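Engineer: One-letter residues, chain by chain:
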Amino acid sequence: MEKRRAILIDIKRCIGCQQCEQACQQVHGFPVEHQAQLSATSLTYVDQKQDKFVRRMCLHCEEPACASACLVGALKKSALGPVTYDSKKCMGCRYCMIACPQGVPKYEWTKLAPYVKKCDMCYDRQVKGGQPACVEACPVQASVFGDRDALLKEAWERIRTDSSYVPRIYGTEEFGGTDVFYISDVAFEDLGFVKPVNGSQPLPTLSAAALGESPTVVLVGGSMLGALYWITQRKKQVALAELRETTEAQDKE
Amino acid sequence: MRRAMTNEKSEFRIFTFWRVVSTAILLAGTYGLYLRFVRGWQASTNLTDLQPWGLWVGFGTLCGVGLSAGGFAIAAAVYLLGMERYHPLVRPAVLLSFLGYSTVCIGMLYELGLPWRIWHPIIYWNGHSVLFDVSLCVMCYTSVLLLEFAPYAVEKLPMPRFRAWFLHWHHRMLIALVLAGVLLSSMHQSYLGGLFLIAKGKVYPLWYSPYLTTMFYLSAIPAGIAMLIIVLYLCVRSLNVKLEYSLLEDMSRVMGMLLGVYAIFRLLDLMKSGGIQYLFVRRTETAYFWLEIALLVIVPLFLLSQARVRHNPQMLYWTCAVVVMGFMANRLNVSITAIDAMTGAKYVPKWPEFALTGAVLTGAAIVFRLAVIYLDILPKKEETKPLRWVTVNSPAEA
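Listed in order, the protein sequences are those of chains W and R.
Using the working numbering, the first residue of the first sequence is number 1, and each one after it goes up by one.
Using the working numbering, the first residue of the second sequence is number 254, and each one after it goes up by one.
Isolated chain W (complex conformation) (with noise of 0.2 Å):
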């Protein structure tokens, strides 16, 4: 198997050049603008924080939730990494949009037959050894692509060398880890960072809880309600019987 890339966001480096959201609009042959959030055009954008820059885009989470709520499998985690979207399959039901904690499926509401659009980490660029277009942009390595655990330790060493960095990476447990991190100068809660709900258990893992339940409910359920059946036609035939002798009873009277 492959090793898993990531992409390590470090906001104290960025300089709000925006030079990553015109890459990845290149890419992808959307029009080049800015837009202060994320959207079917817009798949990463860089968010002001007072005088922060946070470039925001999909996580690629370890277990996305996403991926998991597709019913048709569209959406995957692929062995690399980045969560794919396989166009062909999906029938625009728009649950993976329901299911993203971060809003990141965005959808072609202007088109008549409109797909849905994320972030897919330059997939394609990837496999032939490619960098993702917005990292490659980067002027100021404030979005380095590489080996998922080399990033990591990347990520340590610059907290461990500049102690101005909050010693903390955002992405190593929220949402069951994720393959983009973040670190910063300045506490994540002061720069719009979701707080995961589910502590650092995958989102799936709630679904699956439901899941998980549906062969026994089948079977228990379905042995009780044959039971019940039996129990009623014994019922039925007993009456019958009964009846029968009572009338054979009178006959012989």
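Hint data in this document are derived by calculation from the structure and do not stem from the laboratory.
Only a predicted model underlies this, so the values are computations on that prediction, with no experimental measurement involved.
Accuracy of the hints is not assured; some may be wrong.
As the list claims (entries may be wrong) - If you anchor each label on the Cβ, the simulated ranges turn out as follows:
| no. | chain 1 | residue 1 | chain 2 | residue 2 | range |
| --- | --- | --- | --- | --- | --- |
| 1 | W | 217 | R | 491 | 38 to 46 Å |
| 2 | R | 292 | W | 128 | 38 to 46 Å |
| 3 | W | 250 | R | 559 | 23 to 31 Å |
| 4 | R | 536 | W | 220 | 20 to 28 Å |
Glycine included, every Cβ here is placed at the ideal spot set by N, Cα and C.
Starting from the known structure of chain W, arrange chain R on it as the hints suggest.
Structural biologist: Chain R in isolation, oriented as in the chain W frame:
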């Protein structure tokens, strides 16, 4: 007067109130369909990335499936629990559920972004997805309902040999169908609530609970019964059929009991999930919550406790209407109010969303009416049959 004269030509009126209303709804729905498929999503809906489901899923699917729970409940009561008394209700209940699920399936055709791929779950599987399980169950159960309904139409076919063959086999597999129907229904009625489990953090805490599945199941059965009582009442009132009222009365007792059970579980659930802290928070969601609880639990339980309400068909009808409204409030609260509260969507449906849903429901009502008139769904009131041509089989009619 009207009843006796139904076969007189002079009594036939083209413009009755309900014909005008349903035509208007159907026309609005047709225009909505044009908007949806020619002008697009933004002309026909107010759906956004923050509220991607809205009325079509919250009402069309969640309420459509939930209010169709009467079919499996009655079938289970009669065939599995041996409550033979309710046998006359099996046919209307199955028809109601079948048409209900049909509206859900038709709704999918405009609700999905790429509706020509509606069959995809048959070949692309994802066992981790609650929606996958829902879609397979709904597909299977709609087929089961079609099979349960089929004999009502087949027995009217002028093909005696096929008819006999079909009815023979149908009779032999009926129990299997009923059993499969109960299991499939129990699963997907619960899983519709399970859809929102993964969206923890995007569902306002008054409605989020790990037992959303149980809550959806427990509320669907009484709501399905309420819907059935409403439909039966309307049939008896407006169509040429008869029904023993005590059946409805007894059914409403069961419904009351089930609502009571639901109320207890809901309270326990609120205590366990922590939603109870939000009961009196000054927010609009709180008002929506209490509206739901009042309509679904408090008002109906009070009304059903009154003997004069249970004994009066019209009052029972309105009580059931309150239950159905409470049920709708619950489903819309989970799917719209609770999500909007967390994402800040401020979603209000655009009129074509209402129009399309309304048109599909109107279509189902028309089909139901025609089925009751032309098929043997409910026992017809005796009346002199109209004069027809003399045939070999029925010379007596002449």
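Engineer: Indicate, hint by hint, whether the structure satisfies it.
Structural biologist: Verification of the hints:
The beta-carbon spacing between residue 217 of chain W and residue 491 of chain R, approximately 40 Å, falls within the hinted interval of 38 to 46 Å. Taken as a hint, the range 38 to 46 Å holds for the pair residue 292 of chain R and residue 128 of chain W, whose Cβ atoms sit roughly 40 Å apart. Checked against the given bound of 23 to 31 Å, the beta carbons of residue 250 of chain W and residue 559 of chain R, roughly 46 Å apart, lie outside it. Our hint of 20 to 28 Å for residue 536 of chain R and residue 220 of chain W is violated, since their Cβ atoms are close to 40 Å apart.
In this structure, the earlier hints numbered 3, 4 are contradicted, and the remaining ones agree with it.
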